[in-house]
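Visitor: If you read the protein sequences in the order shown, they are chains U and B.
Take the first sequence: its position 68, counted from the start at 1, is 68 in this note's numbering, and no numbers get skipped.
Take the second sequence: its position 167, counted from the start at 1, is 167 in this note's numbering, and no numbers get skipped.
These aren't lab readings, by the way, just hints derived from the structure by calculation.
All values derive from a computational prediction rather than experimental measurement.
Glycine included, each C-beta is placed from N, C-alpha and C at the ideal position.
A hint or two may mislead.
Now the in silico label distances, taken between C-beta atoms and shown as ranges [what the hints assert, rightly or not]:
#1 U:F276 <-> B:K194: 35 to 43 Å
#2 B:G271 <-> U:F276: 34 to 42 Å
#3 U:K121 <-> B:K194: 43 to 51 Å
#4 U:W152 <-> B:G197: 28 to 36 Å
#5 B:K219 <-> U:F276: 32 to 40 Å
DMTMM-like mimics (lysine to aspartate or glutamate), calculated; alpha carbons at most 20 Å apart, straight line [claimed, not checked]:
#6 U:K97 <-> U:E169
#7 U:K121 <-> B:E375
#8 U:K121 <-> B:D94
#9 B:K79 <-> U:E269
#10 B:K116 <-> B:D334
#11 B:K30 <-> B:D334
#12 B:K324 <-> B:D334
#13 B:K68 <-> B:D94
#14 U:K121 <-> B:D298
#15 B:K30 <-> B:D59
#16 B:K89 <-> B:E70
#17 B:K367 <-> B:D377
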Amino acid sequence: MFALLGIPPQALFGQLLIGLINGSFYALLSLGLAVIFGLLNIINFAHGALYMMGAFFAWFLLQYLGLSYWWALILAPIGVGVVGVILERLFLKQLYKLDHLYGLLLTFGMALVIEGLFRNKYGSSGLPYQMPSALSGGRNLGFMFLPNYRAWVVLVSVSVCLLTWYVIERTKLGSYLRAATENPGLVQAFGVNVPRMITITYGFGVALAAFAGVLAAPIYQVSPQMGSNLIIVVFAVVVIGGMGSIMGSILTGFALGVIEGLTKVFYPEASNTAIFVIMAIVLLIKPTGLFGRAH
Amino acid sequence: MQFARSLLLSAAVALCATAAHAQYSGGTVKIGVLNDMSSLYADIGGPGSVLAAQMAADDFTATHKDLKVEIVSADHQNKPDVGSAIARKWFDQDGVDAIADVPTSSVALAVADVVKEKNKVFLISGAATSDLTGKACTPNNVHWTYDTWMLAHGTGTAIVKQGGDTWFFLTSDYAFGHQLEADTSEVVKANGGKVLGAARHPLNTSDFSSFLLQAQASKAKVVGLANAGGDTINSIKQASEFGIVQGGQSLAGLLLFITDVHSLGLQTAHGLLFTTAWYWDLNDPSREWAKKFAAKHDGKYPTMGQAGVYAAVLHYLKAVSALKSDADGKAVVDEMKKLPTDDQLFGKGTVRVDGRVLHPAYLMEVKKPEESKSEWDLMKVRQTIPADQAFRPLSEGGCPLVKG
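Okay, chain B solo, but in the shape it has when bound:
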């Protein structure tokens, strides 16, 4: 009965699409920003991502006055069941057409299933697992910003080349941590290094002393932190307390956001090497956008995840406007893959057939306290990785959408 009604509705909408002006489901394009609003990942995305999405909507409707865009948001609390329940309710009852952000890879994988089932669009920015464009790819996913493969290859290769050839991992015990550890181990081994062990800790752990002790006992040259947000901050802080670096080992923060570095302070974090997809101080257009963002966000500068939400929503609206419809998610994503991406943050890029968005990556180093000229002037670029090398080759992902 439900299926027949939705079939009838789609037929009615399809007929309406032949009319002179565009017909969007419910009259507006509704985008839902779903992320962690209250716990350890809240600063990485959180309300900032909602602001980024709103800025994208405002910028686009300023030049396309026939489009009405509404942004809604919710807190998935880092729980896959909560995330997929919210997604379902949004699609079934609230007329949401696309979901954006979704950090916490386990939630992203669950939501991707719901998006595919309902044939909507998934604009992924915060989630990390490379499976979203690999084994778990769908025709409705578009994966912006970063993923575990990019982080592993950017940071891992640089560190192994510097001499860090034995690794011990501190891994967050869920989808993201496991994938990041797996991708980085692959890089280490491919460059002639060895992985001496890993300690898997529960998500949102505050005390890392016992894991750091295991890392010290392993005598690995590099302690790789396959975790994020509050977990990474505590790991780094306690690593300095336990004299990990003084003892001759080095720390590899595999996933760091500007908010983590700001929270740690340059005294503790200087010298850390990590890979990012975007930083506010890269070029003038980025600086200008970041200042606009900070003015509306309590002076806090945007993270790469939030920048990704802006770019993803902008490109989505371009595709929807070109098609003059938001009803068929797969069709909109196909249009997003046809159109080249171009925004003031990531510049020109493309969306690949597996959903992966290609843009350059940057190897960053955290500045020393004396090198920083303002509160958010926290890192410098060590190396730019061009877009065609930053992400996993199409053939290696195992995505069923890639033919041949």
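Isolated chain U, as found in the complex:
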């Protein structure tokens, strides 16, 4: 076959697969952000810090309670989700009537405080978290060596993303959520408890972030700044996909993962900036994002 710009096709397929795997992380994280913004109109800058808390929660469970990774997958999102609910009730509730930007400032402040506290206690190098033995090792696919864990990450992310999209777009609960944010007064008049819906939604978005954190713990070092590195990219993904669109952020997450993977092959020094260049171009051509609706 052809060799594209000096890269043999096998290497290219390998990089595309890696890009897809990274894309699934972006998709999962941007899903949580999109849910929170799309339904609640809150720009949740604390998302990265909550992702980091999910990873740390998994570490706590292993270190102090001896509970394995599989338990952490269920308990960490619940635990961090509860924290998210508390934060929402205490702080975010006050800001719904105000401009978006206050929410952004508050969540940004929360992120800095949370990261600072963790860094104070645990340092910046991070903590070790062993990969679960059932998922370690890998198989040689011919064109690359695929670790089993990465395959698992893609499968889980795709499933969770599709499940979330289905619940929000196709079920009664989802329709209540969407209605409650479009016209809270009217929906409340019908007897639906709107503040509780909002709290649950925020808690669910946070739980998604924590879930991604547990997925990340065995492969990325569990460190206090793991979230801040990722959050800016995730925001770019959500903006490109369209700030209100659930499916948009999922598809864009995967697509951008692939594009970033290709950049790493041809010009790795630019791999950090490729996504932002695309964001700038998309915003110039279609300001509401690729799949977004005007708010």
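With the hints as your guide, set chain B onto chain U.
Guide: Leaving out everything else, chain B in the frame of chain U:
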């Protein structure tokens, strides 16, 4: 106007120096510890370096009661513009006389320019690039602990001699990574090996899967990690996930600190070979100091960078005390080069004319989990490299201060 005023002030200070007791600018010797306090290099230096500097100040003023020393600190966030702005403010407004530590070579190079311009002293411990005592050397630099040449020759030579003659680099895309890759490539080629390629990644990358894939595809016998801190930790962790070592390639961590190994855990890191300038378990004086340090630092043991800050500040204070003045940076550095170094961590050594401090280097191997007897008992010494062989020969550096 500003120049005339500072000239007048220096003249006044110079006149005061003839008085019976010592006159230090502002009455105290003020040392600023500048490093990464919040990001991927924070554990290598960070608040620990500030503690090390304070311990040096306390130890020195205990026997020299006429000297007053103040330690200040700031976070350079790994950004050269932030680092040089802080340095400028410290020198112009806050009366700081010397800057210590400064990991992140790009920031160190920027700060070195400011130090030279203001004629103060630069006590380098955390930064790696060998250019600081080479092409970019100044009469105000003193480079302690380690540099890229020492790492390249210590680790590179050992690995090539073991049979690792083809290399692929994972390089941090800034001054430090490039210099480390260049120095190590030179060693590999000089020993008959070949460099098959390099993947340059941005600083503070969390995912190395695509670069590791390129390393695997190159079929090089050794994957050299020309990065540090959080980047190295993630590279090593993901290399084990992708079966780099099982696939027959070996990893060369060119720059590893004890905090990186502690963070990775011995299960993942055992067997790694790397060069260090200091380790807490080398001898009794080092052990004693490390325990004192850990007691004040949340139980965390010191890194070689932090040990270097202690030794550098101690030697600086010796020179300032001998000269009875801290005003002229070049004069203090000249005094530091005249006096032999001697502290409980690095033992006896010398400061060369290009600013390079000569002390032994050690080739270390990370222990297996069953070999470790305590939380911070993480490595063993494989080889001691004597001081005269550990660092680049004076003639090869290209430093303008070296004559002939």
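Visitor: Are the hints correct? Go through all of them and say.
Guide: Cross-check of the supplied hints:
1. Distance hint check for F276 (chain U) and K194 (chain B): the Cβ-Cβ separation is about 37 Å, which falls inside the suggested range of 35 to 43 Å.
2. At roughly 39 Å, the beta carbons of G271 (chain B) and F276 (chain U) sit within the given window of 34 to 42 Å.
3. At roughly 46 Å, the beta-carbon separation of K121 (chain U) and K194 (chain B) lies within the given 43 to 51 Å, and the hint holds.
4. At about 30 Å, the beta-carbon gap between W152 (chain U) and G197 (chain B) stays in the expected band of 28 to 36 Å.
5. Between K219 (chain B) and F276 (chain U) the Cβ separation comes to about 34 Å, which falls inside the hinted range of 32 to 40 Å.
6. The straight-line distance between the Cα atoms of K97 (chain U) and E169 (chain U) is roughly 26 Å, outside the 20 Å bound, and the hint therefore fails.
7. Using a Cα cut-off of 20 Å, the hinted pair K121 (chain U) and E375 (chain B) holds, with the two alpha carbons roughly 17 Å apart.
8. Distance check on the hinted pair: K121 (chain U) and D94 (chain B) sit about 31 Å apart at the alpha-carbon level, beyond 20 Å; violated.
9. For a cut-off of 20 Å, the pair hint linking K79 (chain B) to E269 (chain U) stands: about 17 Å separates their Cα positions.
10. The straight-line distance between the Cα atoms of K116 (chain B) and D334 (chain B) is roughly 14 Å, inside the 20 Å bound, and the hint therefore holds.
11. Note on K30 (chain B) and D334 (chain B): the hinted pairing holds, with a Cα-Cα distance of about 19 Å set against a maximum of 20 Å.
12. The straight-line distance between the Cα atoms of K324 (chain B) and D334 (chain B) is roughly 14 Å, inside the 20 Å bound, and the hint therefore holds.
13. For the given pair, K68 (chain B) sits about 16 Å from D94 (chain B) by alpha-carbon distance, which is consistent with the 20 Å threshold.
14. Only pairs whose Cα atoms come within 20 Å are accepted, and K121 (chain U) paired with D298 (chain B) is accepted, the gap being roughly 9 Å.
15. For the proposed pair K30 (chain B) and D59 (chain B), the alpha carbon gap of about 16 Å is at most 20 Å, so the pair holds.
16. As the CA atoms of K89 (chain B) and E70 (chain B) are separated by approximately 16 Å, the hinted pair is consistent with the 20 Å bound.
17. As the CA atoms of K367 (chain B) and D377 (chain B) are separated by approximately 8 Å, the hinted pair is consistent with the 20 Å bound.
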